[in-house]
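J.: As a plain string of letters, each chain reads:
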Amino acid sequence: MLDILTSIIIAGLTTGALYALATVGLSLVWGSMGMLNMAHAAMLTLGGYAAFSLSSALGLPAVVGFAGAVLAGAIAGGLLYVFIVRNLLNNDKATFESNVMIATVGIGIALENAILLTFGGQPLKQPISATGSLIIGPVNLPYQNMLIVIVVIALMALVALLLARTRIGRAIRATAQNREAAQLMGVAVNRVYFQVLVLSGALAGVCGVMVSSMTQLSPPLGNDPMLKAFIMCVVAGLGNLPGAVAAAFGLALLEAFVQYAAGARWGFPSLLFVVIAVLIWRPAGLFGRAQIRRM
Amino acid sequence: MTLSEKPPVLSLSNIVSGYRELTVLKGISFDVAAGAFVTVVGPNGHGKSTLLKTISGLVPLKQGSIGINGSPAPGQPHAIAALGVAHVPQGDMLFPEMSVLENLLMGAYLAPSRAEIDRRLDEVYTLLPKLADRRHQIASSLSGGERRMAGIGRGLMMGGEILLIDEPSLGLAPLVIEQVYGVIAELSRSGRTILLVEENPARVADLADHLHLLDDGEIVWSGPPAELLARDELLATYLGG
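Here the protein sequences line up with chains A and B, keeping their order. For what it's worth, the UniProt record's numbering labels the leading residue of the first sequence as 1, then goes sequentially. For what it's worth, the UniProt record's numbering labels the leading residue of the second sequence as 1, then goes sequentially.
Bound-form chain A, shown alone (with noise of 0.2 Å):
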């Protein structure tokens, strides 16, 4: 019974690592922007293949790998600003929100395509994986599941100093709960848009890696973890990153044991209900507060 329990804890962790990364670079730019990047699906994939492209076409090191895959993330973070976010900031305002959605919604269709040419639809195996486990008595740890645990909360950890402690985290915080306020204090918000959309697109790839290393890779690898991010903002309240953590580590686990219990068909079922519930009776999410209209 126990070793089931383990194992069951161990994907819940596991899984819920991988959903927080990804709800994280999600919630960040819904939070500080009140943009909803439908492109981050499509970023997160980038990733995954910048990783393989480096480390099994070019055969370097995997932490040059990994290191591509999260530089290729920033650099579609970055691109996505000047290109498509800034552009949309400078029109009205007051429509960003629903224009800024349905363009990442054709950049992220658009870069899928580009990735399924680049690479054919075939599925391809994550270079940077860790393989074996480590056995404490009837207790099975997958080296692969330990690194993805360790390295998001290493992430997640450097994410919260980085908002709590730097002057740059001070200035994306303040932009996020006042903007014109963040403005008369000196901050350039254009500047702070597009180092949010550069640290989200920089998660978004190490995700895209974590992601394809427990699968494998394929054009739209990214769709489930967005999916699922999208839930877990829903559930934890739209731009609330300590609970977006929380909310996916708890319904990831809650996931795992719906699946154990009721059958693998009902796991995703299980957090739609959640989400079904959440709004019913508590609409801002579990731990947000009634959403004002940043732009």
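Calculated from the structure, these hints are not laboratory results. Every residue gets a Cβ at the ideal spot worked out from N, C-alpha and C, and that includes glycine. There may be inaccurate statements among the hints.
Stated by the list, open to error - Straight-line distance between alpha carbons at most 20 Å, and here's what the computed SDA-like set of lysine to any residue pairs gives: (1) A/Lys93 to B/Val59; (2) A/Lys125 to A/Leu272; (3) B/Lys62 to A/Asp92; (4) A/Lys125 to A/Ala114; (5) B/Lys62 to B/Ser49; (6) B/Lys26 to B/Pro43; (7) A/Lys93 to B/Asp216; (8) B/Lys62 to A/Pro61; (9) A/Lys93 to B/Lys26; (10) A/Lys93 to B/Gln76; (11) B/Lys26 to B/Ser49; (12) A/Lys93 to A/Phe83; (13) B/Lys26 to B/Val220; (14) B/Lys62 to A/Asn90; (15) B/Lys62 to B/Gly35; (16) B/Lys130 to B/Ser169; (17) B/Lys26 to B/Ser222; (18) A/Lys93 to B/Ser169; (19) A/Lys93 to B/Pro43; (20) A/Lys125 to A/Pro61; (21) A/Lys93 to B/Lys130; (22) A/Lys93 to B/Ser222; (23) A/Lys93 to B/Glu21; (24) B/Lys62 to B/Ser222; (25) A/Lys93 to B/Gly75; (26) A/Lys93 to B/Val220; (27) A/Lys125 to B/Val59; (28) A/Lys125 to A/Val258; (29) A/Lys93 to B/Gly18.
As the list claims (entries may be wrong) - Across the chosen pairs, the derived CB separations fall in these ranges: (30) A/Ala262 to B/Ser140: 39 to 45 Å; (31) A/Met101 to B/Ser222: 46 to 52 Å; (32) A/Thr118 to B/Pro60: 39 to 45 Å; (33) B/Glu116 to A/Ser133: 53 to 59 Å; (34) B/Gln63 to A/Leu279: 46 to 52 Å.
Given the coordinates of chain A, assemble chain B onto it according to the supplied hints.
T.: For chain B alone, kept in the frame of chain A given last:
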């Protein structure tokens, strides 16, 4: 050198501004000398807040020009803040989920060094000791008067030469209004240049050097506060008596 002989630190020349198609300010011109206390009074909804927002760059200029220390004002609010214009907006606009200390530190976002931030923090805590007591409290949990003080403190943390203060008495109890104006008087005595907007001219009668009466986006009268208060017909026409 009298105030009128000092060079203006802020010059407004025929400024026209508003929101999209709506024009609120219809050609405002006046100067504010270094160290002066200038007040703009007028009824609600006639452009007082828009005037300050236009100076600080939150509302774009449609026509005219703004000069700060003799140079044309840049268009972006963060660049105007960097020139030493500190805007204390109406309703405080604090960062609600940050502590009082974090709000004050945001005021010093452009400060050149940690030592300068500490110096400004000491100055603010000396002038507004309650903020020191409340420094770890979340801004959204402050009372109305404390929020107003925090807003002024944050403006002071910017270290700006020119303070734009928007209706500091709005929504406050009479005793708290007195305290807030006491702090503003202290700031004026310390030599800061203040441009303040207010609905009630009597509140600034003893403080302001010069007063402009704003009606429907235009300056309809300018002069010393005592003179306006003696003009019953102006008070009755523009400020409801």
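J.: Next, verify each hint and record whether it holds.
T.: Each hint, compared with the structure:
{"no.": "1", "hint": "A/Lys93 to B/Val59", "in the structure": "13 Å, holds"}
{"no.": "2", "hint": "A/Lys125 to A/Leu272", "in the structure": "30 Å, violated"}
{"no.": "3", "hint": "B/Lys62 to A/Asp92", "in the structure": "17 Å, holds"}
{"no.": "4", "hint": "A/Lys125 to A/Ala114", "in the structure": "19 Å, holds"}
{"no.": "5", "hint": "B/Lys62 to B/Ser49", "in the structure": "16 Å, holds"}
{"no.": "6", "hint": "B/Lys26 to B/Pro43", "in the structure": "16 Å, holds"}
{"no.": "7", "hint": "A/Lys93 to B/Asp216", "in the structure": "27 Å, violated"}
{"no.": "8", "hint": "B/Lys62 to A/Pro61", "in the structure": "57 Å, violated"}
{"no.": "9", "hint": "A/Lys93 to B/Lys26", "in the structure": "25 Å, violated"}
{"no.": "10", "hint": "A/Lys93 to B/Gln76", "in the structure": "16 Å, holds"}
{"no.": "11", "hint": "B/Lys26 to B/Ser49", "in the structure": "14 Å, holds"}
{"no.": "12", "hint": "A/Lys93 to A/Phe83", "in the structure": "17 Å, holds"}
{"no.": "13", "hint": "B/Lys26 to B/Val220", "in the structure": "11 Å, holds"}
{"no.": "14", "hint": "B/Lys62 to A/Asn90", "in the structure": "16 Å, holds"}
{"no.": "15", "hint": "B/Lys62 to B/Gly35", "in the structure": "29 Å, violated"}
{"no.": "16", "hint": "B/Lys130 to B/Ser169", "in the structure": "18 Å, holds"}
{"no.": "17", "hint": "B/Lys26 to B/Ser222", "in the structure": "16 Å, holds"}
{"no.": "18", "hint": "A/Lys93 to B/Ser169", "in the structure": "31 Å, violated"}
{"no.": "19", "hint": "A/Lys93 to B/Pro43", "in the structure": "29 Å, violated"}
{"no.": "20", "hint": "A/Lys125 to A/Pro61", "in the structure": "16 Å, holds"}
{"no.": "21", "hint": "A/Lys93 to B/Lys130", "in the structure": "38 Å, violated"}
{"no.": "22", "hint": "A/Lys93 to B/Ser222", "in the structure": "37 Å, violated"}
{"no.": "23", "hint": "A/Lys93 to B/Glu21", "in the structure": "15 Å, holds"}
{"no.": "24", "hint": "B/Lys62 to B/Ser222", "in the structure": "24 Å, violated"}
{"no.": "25", "hint": "A/Lys93 to B/Gly75", "in the structure": "17 Å, holds"}
{"no.": "26", "hint": "A/Lys93 to B/Val220", "in the structure": "34 Å, violated"}
{"no.": "27", "hint": "A/Lys125 to B/Val59", "in the structure": "54 Å, violated"}
{"no.": "28", "hint": "A/Lys125 to A/Val258", "in the structure": "28 Å, violated"}
{"no.": "29", "hint": "A/Lys93 to B/Gly18", "in the structure": "16 Å, holds"}
{"no.": "30", "hint": "A/Ala262 to B/Ser140: 39 to 45 Å", "in the structure": "43 Å, holds"}
{"no.": "31", "hint": "A/Met101 to B/Ser222: 46 to 52 Å", "in the structure": "49 Å, holds"}
{"no.": "32", "hint": "A/Thr118 to B/Pro60: 39 to 45 Å", "in the structure": "44 Å, holds"}
{"no.": "33", "hint": "B/Glu116 to A/Ser133: 53 to 59 Å", "in the structure": "55 Å, holds"}
{"no.": "34", "hint": "B/Gln63 to A/Leu279: 46 to 52 Å", "in the structure": "48 Å, holds"}
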